[in-house]
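Colleague: All chains should be modelled from the sequences, with the hints used to inform the complete structure.
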Amino acid sequence: MFSWASPAKQDAPAAYSSMPLRSLSSDAEKAMRENNQPDGFTAAMGGLAMSESMDMTNDPRLFGSNVLMKRLLAFSALALVSSIMVKTTQAQLLKLKKDMDLTTADGLIQFTSFVLMNFALFINMLAMYIGVAQQYFTYRLMTA
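My numbering puts the first residue of the sequence shown at 31, with every later residue one more than the last.
Because the hints were derived from the structure by calculation, they are not lab data. Glycine is no exception: its CB is placed at the ideal position from the N, C-alpha and C atoms. Do not rely on the hints blindly, as some may be mistaken.
Label pairs and their calculated CB-CB ranges [said to hold, decoys possible]:
hint : residue 1 : residue 2 : range
1    : A74       : L124      : 52 to 62 Å
2    : A74       : Y166      : 34 to 44 Å
3    : L146      : L78       : 20 to 30 Å
Pairs of lysine-lysine, BS3-like flavour, derived with a Cα cap of 30 Å [said to hold, decoys possible]:
hint : residue 1 : residue 2
4    : K127      : K117
5    : K128      : K117
6    : K100      : K125
Modeller: Next comes the structure, spelled out in structure tokens:
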């Protein structure tokens, strides 16, 4: 009968104390052989079938040309242009004069340009993130 209660703890033999750690399945098999009863994890997962994933070497999905490859190229171009624009807007923001007198027309124009450059920086950073995220998800979709 299966029980979730843990069995009484026993000290491991000295011969096993210097052995390297092994996978859970080999430890569970050893425990079943020694105690003639499965541990909780082995009993709970005993009905599942074992499976192996496919090898990624010479996978035809990675080598065949398709429409998604063209989209990856477009997304990489978008991310590249956006990163250049982020650098440019940051440089222009740092060059901007910091002492603005908002009582004059010149000060209001400086403040307006400052707000617009911050907006452009935000939009370009968002476009760069979208370009990189779209590359990731498109590649993930292509290899699924």
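Colleague: Each hint should be assessed against the structure and marked as holding or not.
Modeller: Here is what the structure says about each hint:
1. In this structure, A74 and L124 meet the distance hint of 52 to 62 Å, their C-beta atoms being roughly 60 Å apart.
2. Restraint check, A74 to Y166: a C-beta distance of roughly 35 Å satisfies the suggested window 34 to 44 Å.
3. At roughly 59 Å, the beta-carbon separation of L146 and L78 lies outside the given 20 to 30 Å, and the hint is violated.
4. Distance hint between K127 and K117 is fulfilled; the C-alpha atoms sit about 18 Å from each other, no more than 30 Å.
5. Note on K128 and K117: the hinted pairing holds, with a Cα-Cα distance of about 19 Å set against a maximum of 30 Å.
6. The hinted pair formed by K100 and K125 fails the criterion: a straight-line CA distance of about 38 Å is larger than 30 Å.
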